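Visitor: Combine the two chains into a complex, taking the hints into account.
Chain by chain, the residues:
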Amino acid sequence: MAILEYRVEDGCAIVTWDQADRSMNVVNAAALEALDAAVVRAVADADVKGIVLTSGKKGSFVAGADLAELEKLGAGPFDAADLAKRTGEVLAQLRRMETCGKPVVAALNGLALGGGYEIALACHRRIVVDARGAKVGLPEATMGLMPGAGGTVRLPRLIGIANALGVILEGKQLAPDEALKKGLVDEVVPEGELLAAAKRWILGGGSAVQPWDQKGAKVPGGGIDSTGGLQTLMGSVAMVHANTFGNYPHAKAILSAVYEGMRLPVERAARVETRYFLSLLAGPVAKAMLRTLFFGMQNASKGTRRPKDVPPFEVRKLGILGAGLMGAGVAFVAAKAGVDVVLLDRDEAGAEKGRQYAVDRLQRDLAKGRTTQEKVDATLARIRPTASYDDLAGCDVVVEAVFENREVKAAVTKRAEAVLTERAIFGSNTSGLPITGLAEASVRPANFVGMHFFSPVERMQLVEVIRGRETSDETLAKTYDFVRRIGKTAIVVNDARSFYTSRVFGTYITEGAELLRSGVAPALIENAGRISGMPMPPLALSDEVGLDLMRHAGEQAKIDLGERFEPSAMGDAVELLVGRLGRHGRKNGKGFYDYRPDGGKSLWPGLGEHFPVGAAQPDAREIVQRYLLAQCLETARCIEEGVVTSPEDCDVGAILGWGFAAYTGGPCSYMDTLGIARVVEICDGLAARLGKRFAPPALLRDMARDGRTFYAS
Amino acid sequence: MRECYIYDAVRTPRGRGRLKDGALAEATPLHLAKTVLQSVVARGGFDSAAIEDVLLGCVEPAGEQGANIGRLAALAAGYAETTPGFQINRFCASGLEAVNTGAAKVKAGDADLVVAGGVESMSRVPMGTAGGAWATDPAIAFPTYFVPQGISADLIATMQGFTRSDVDAFAVLSQRRAAAAWREGRFARSVVPVVDGLGVTMLAHDECVRADTTTESLAKLEPSFKVMGESYGFDGVALQRYPQVERIEHVHHAGNSSGIVDGASAVLLGSREAGERLGLKPRGRVVTSVSIGSEPCIMLTGPSFAAKKALARAGLGVGDVDLYEINEAFASVVLLFMREMGIDAERTNVNGGAIAMGHPLGATGAMLVGTVLDELERSGGRRALVTLCVGAGMGTATILERV
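Chains E and X, in that order, are what the protein sequence lines are.
Quick note on my numbering: the first sequence kicks off at 361 and runs consecutively.
Quick note on my numbering: the second sequence kicks off at 804 and runs consecutively.
Only chain X is shown next, with the shape it has when bound in the complex (with noise of 0.2 Å):
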């Protein structure tokens, strides 16, 4: 089988998802998405007929989201009309799924050059819009035991022993990351900024993030999913798929959480032969990549599953991965995940995550394969592992090569 290339990784800055004052809330996601698309070619320097397909996870495919954004912004990006596009949702998972579909056509030689990515406007099209079933069709609810991912977040947290004090601490840590990552330019290679139809810059940088954030400034914030847990009956619920548990602590909020916030992403894939015929330089491989399914309740317990079944298809142990990069959902899963991996944090997002930077839902998997890519180039590492938690209970998670 042949090999995937990445010969590229993009994403714009993550601006606050609000529509009263978040910075990319005058852009449309056709414009995020058109912007990464762009700059994947403009920095590439090559024809997007080239471009075999155009991936783009989204969440929420409705509304300006909807009708497969993923060709009307290859269209929109001013790509040849005969690179065709398409969205793709594996939830929170999307963006690193599109990078794995991608990948899997480069691989079966079914593409030679492809972009995906993903992008979500979480201010424009808020979480929710495209509705769905599980919380709502008694017929798939109650089986799955449904709740919110904030209850399943808590319910981790309580089943493992995470206080708040330690959820907390962990979040200041994301914070001091990010900001110094900021600091040291670390993600220069990566952020395109966004610009406006007259060229002026939107927003350059991550605009969440906290550099003052302490244990003791969020040990003010109220839990978030204590009204809905013990009120609306979702705690009942949880309880009766984990009768074990005496009452779930509530222990995440917006500070432990990962926030709101509008983005997109591109990463250009490709066979050695489209490289080399465009003349781009590869600085990285996909080496595998798998998706699970996990138990739906507790829903956020998949990403070591993922990881796992990653290391094991690619004849890897944990320790042959430099960089761990697991998408900050809550903190709890984070916690989770370093510990069913035995690994520490020293290994793990070690320039901070979407509890600091944001979580624009289905740009962020292909945002973390830049992210590591990034530091793997820096630091001199040779593996890093995505992976991030989804909702429905599964795990997405893909093994890069520096090369």
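Next up, chain E with everything else stripped away, as it sits in the complex (with noise of 0.2 Å):
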């Protein structure tokens, strides 16, 4: 199989890496083989200089470390002799290669990540071209990994410590020119003169020493020893021990294999990282955030979901009812990927206040120099501002995104109904009401889908697609497309009261109240919340949400359930907070915390008055696990009842939805890891001491029983 290619040109030997059965480069053992035998050629070659390394895959370099395979060694048996041996194979071709004698420029036509940058930083110069969509960087902490190939030890030695434990544990992509302001590659070319810039480079004498190999070298801002290596160190081992509590592998083996690397010769350091990171791959984190926020992520992105036969849905007019926050988010962001925005309001005023929000949005974005004026223009001239229902004649999909009252819902949903045509599709922005119920205002029901956008719009990556009784698969295909096309990503739910997300994620904010009725410190009850990796704590997200608005949910959940309903700790909480003591969370300043103007908060001191704090006190680590537990129970409910089938897609709306703690790779995710019957065992104890709502569902039971897990099968 073919993965090099080796010609000589001018007195350089140019290597292109091209894998023959594959859109992108991928780092493997075979590739690394043929590189290395590419160097001995090279070398041995006296008509050669020196050495360019490209890629023959249009814009890009080398994509990285093949994650399917990564995925798979850290699934089997794990062997960790075998693997670190293998590794130290590969570090010790990269090794041959950086001091094989002659110059390697690394000549990086697009993007360069991971693996393949690690092999960038093993050459002697990086050139990348200025080209959109390429990048470099070491992405790997993203997904609860580390660089495995030398990145820890040669970036450090390139530009820095701090530097280089910035770019690693943020996980960054850069750009070209940010890639050179921070000294990641040499020289940024325009396209089309990359292998002559390599090639100018090697004959106009460059080094082919790295200069970690130079005598006397020293390291960019101080070595580990020097004052501004201990503070670099010290500071970042507590910002990212505070940040991550404890939750993430991956941040505390950047460091340690920093922080022990960087005394060591490089081969030696090398073995310390190979250390780290298989140490990763075998544990259970970075396997679930692989899962999850890379494959599930990936296939949630592709509609591997999708209804296969339906042709490709061409979205090129959208539009959109009620120009509230929601709506004018989804405009803004469809406008920006291009679509014509028919935005559409009551009045003209109305309508043009939606459209001031994308204004105001991108001259934010101009002004940080993240965009272009020619940019900003073209997507403002998208969004049509209009209070006439005629103009939503010829849109391909439009999203209602009015008040969440059925009356109100139903009446416009008849009257843009009344220009579209039948190949349009209908989508209904709702957090809460049922589908099929919204889709009896419909004249054509089957094209009548639910759309649960978050807020931020321009934020939040996930829309929760709610399919209604009547909803056609036609229709959940297209709706697939239309999601894609504006650049989220969509997950497929059965139409349920709450849906999915909204469901579980209030599990969450309940065990909080729990949590404060049974007596336990609220700071605790906060600081748990925190600790269990969920990105705000209980009480704190319930001011964000709006108490009043919990409430007015609570009361109308009592009229929807009528005998079903059953009351629950926030329930009462938010009767006595708001109901008798006027406190409606962050808005009015008084919620379970006290706003100040500056935008400090604290908890509330009344709180103690009326949720007296008991003497005995649980540990964090038990709180944190009724948090996450609540949320995960409930999920099992909703598959269980049919409401989500996939895990995937409850994971991949969980993290993106709510911000359920990514460590875990969502709840199914964190289930398996768990093991479905210590997850019982752990559920029936809690049942016992706290009541039903921890009582396991019988999903879990018979999965169990019969040692299934949600992943496996």
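Derived by calculation from the structure, the hints in this document are not laboratory data.
Keep in mind that this is a model prediction, so the values were computed, not measured.
The hints are all genuine.
SDA-like mimics (lysine to any residue), calculated; alpha carbons at most 20 Å apart, straight line:
(1) E/Lys668 / E/Glu830
(2) E/Lys774 / E/Asp751
(3) X/Lys1084 / X/Gly1183
(4) E/Lys668 / E/Ser832
(5) X/Lys1029 / E/Ser962
(6) X/Lys1029 / E/Met599
(7) E/Lys462 / E/Tyr366
(8) E/Lys462 / E/Ala452
(9) E/Lys445 / E/Asp426
(10) E/Lys961 / X/Lys1029
(11) E/Lys961 / X/Thr961
(12) E/Lys961 / X/Val1030
(13) X/Lys1029 / X/Ala938
(14) X/Lys1029 / E/Gly959
(15) E/Lys462 / E/Asp407
(16) E/Lys445 / E/Arg455
(17) X/Lys1112 / X/Ser1097
(18) E/Lys961 / X/Arg1050
(19) X/Lys910 / X/Ala853
(20) E/Lys462 / E/Ala557
(21) X/Lys1029 / E/Gly960
(22) E/Lys1052 / E/Arg997
(23) E/Lys532 / E/Leu427
(24) E/Lys462 / E/Trp572
(25) E/Lys950 / X/Arg1050
(26) X/Lys1111 / X/Gly1196
(27) X/Lys1084 / X/Arg1186
(28) X/Lys1029 / E/Gln591
(29) E/Lys774 / E/Arg829
Far from chain X by the CB rule (all over 10 Å, computed), these chain E residues:
(30) Gly419
(31) Pro644
(32) Pro671
(33) Ala778
(34) Arg956
(35) Pro957
(36) Glu1000
(37) Glu1001
(38) Gly1019
(39) Ala1048
Note that beta-carbon positions come from the ideal geometry of N, C-alpha and C, so glycine has one too.
Guide: This is the structure we're talking about:
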């Protein structure tokens, strides 16, 4: 199988990496062996002055390691010694390349990420094309991993410890100009001049000795034992600890690899890196994060679960009913993605206000240099504010985003459908009203679907698509295409009260209220929320949502559910706080917290009077478990009831939708990691003490009995 | 087991630990240690060959304090070359640990006469010089929730409800007591001036005492650890270990924490026989001594655990001790200690402490032995307990008895 093409040109060996069977080059053993051979060949050829390593793939150099292979490694029986040996061979190959005696240039014609960039680091010079989509960096950390091919060894020695830690810990992918500024690449050239620039450097006497191999080499900004190095480490360790709550082993492993490795020669530092890299691969967090954040997200974005036999649906024109916060957000996002938007509100002024949302955000991006005036103008030109339903004619999709009220929604549905064709689909943005009921107002219920967007739309990646009883496969497929068209990720759920995301998310804040009611100190409730890896603690989150809104939702539930309604601790808490004490949450400056004008907040001291703190306090770890398992159980119930069918959708939806602790890979992934039998055992114990909200559903008991997991089956 | 007697105790005055204007910054740590080692022999009037070991505490054993300053100081002091020396590091209790270890040697019969003390030139060898893994190696920083001591001291204050005015009030007390003690000459027996090579005095008094300190003047000082805690992640780390705390109140500052100073100390310890042989008069005896480990993140809660363990080992109650001397690393440490022991300020640090006079890390423990012994003699008390909080979560305590 062809991997590398070798030719000599102007006294330079041009080695072109071009894996025949793939759209992008990935780092694997065969490729590295071929590279090794090419280096040997070039060194042996007296006519060759240096080596240019580039790629035959358009727009990409090497995308990194083969993540599917990595995942398999982690999943199988783990032979640490063998893996260390094999990784050692890779590292030795790279070391041979950088000490081969002839200068090697990485000519980066596009994406050079992870393993791809690590190979470039083992070259003596990195030149990248100034092209859209060209990115360099070490994104391993975003998937719970760390560089494993010398990245933690070479980057700190190249650009200094503090800079390298920043790049590696954040897993940032840098555009050419930023990469040049930070020193990740040495030169940025226009497309088409890459090889010429590489050859020019070699023929101009480019050095074949890495900075760290030079006599008296010093680490930029000071070595690990310099004052700067120690301060960097001390600060980084504290910040990483504070921000990750110890939930992300990769962050600690990156710090350890740098801390321990910077005192060692390059070859030996690489061995330290390998130990940490493999320990991450063997652990549960990287596995879970890879599964959901990479494969799950990829599948969801690709539309793996999109009904197959519906032809691709092109969305050119989008209608939005209601120019409030959600409508305006959807309009902004769609226009940015190149879709023409008709933004309709009751009157012109209301519609124009919605358009202003896009104006404000684009102006901000412009001020920060994130976009150009040209792009701003083009985006804004696509948004047409109106009060006339006639302007909806020709829309491929209409998103209804009016007030959460059945009558209002029904009325606008009818008026919009009057001007739509049968081809168009109609999406109702609701976070909880059953879609089947809303579809009753529609003359084409098969074209009617729920589209639950999250606020702020431009930042929240998820769209929870709700399939009503009448929603057709075709409409579902079109919805997938629409969501993808505007750059979002869809999960599909069936119609049920609160759908999936709101329903499961609700158990988290309810658990906070349960703890409060049972006498747990508010600070402990909140800190345990942070420690659990949720983006916000439950009481603060409730204040953000709005206690009055929560009270309103509770009252609605009481009406809707009748006898089936079950009072909850949160219901009682908001009744007290809103009903009796006028504490509505962040919006009126008082909720579970008191809000200061300077933006600060502190827990309301009066809580103790209404929720006396008990003498015995639980361990924070137990509370963390309660938070996560309450959500896991509700997820399992959703699966059992058929609200969601795919564990992958559950996990992707949980992480994108409400920020479920990412290190777990999502609720299903977390249950798999703990072991279903263990989940049942823990929850039985919790249920005995705390009540039936922790009672495991039959689904979990059956799975435990049969030894099944969510993902293996 | 044999008794271990204290025959003498000396210390240098404490000079401001600042290169630009500290009175002792021109004296090397070797010179400071030499000063007290020579003094002990000169005052005892015996041949240094009788000394069987020199134990010096030092918290930053690097640079000119590195490579075993215990032995080098003994040589510099002109001790017989047959007298060995070594350096000890129990962080802030190093000086007391030197005394305890020396006493243990005497009690065990492995030595008849030793000099134990400590030295720290914080101006010339600043804190952090010796490095160390705790703050920088994730393998130890993460599992122990490392935060700098000041954050721990503020955490103690927060958890105990000590307000800024509480800790400031204690600081004022320390200053007032130290000033009074100096005025009345209560340190006269122990303090030996540091003189330079020409015989000219460099410093004869503790340099940092501020008799005019008031709670009003302290109220103007900015908290020292607020930025570090809030902007560099350390508060977040501490709250993970103590999640019942909503936020850390940063109450400590330069005025209610121990001062950064230079100084050295030495205590002459020996068996009854050694004293008789050399014509020395015992002043006190080391009843018992312990060191303990405690939770490292809050770090500074060790003294009461150490003190209670020492009392239990000696078969004594809290009331059997006349004077308590707890190092004033931070005001909250002292307030916590008094609360945990059920003692009041009338028996505690009666002549002031490190908030007023400074804390020359490795030297302080042995300085406190001399200070409290002087006070027992002056006041006619019988027993005293000396203790210090110690980095990384430890505590060291020693019970002394006047004879």
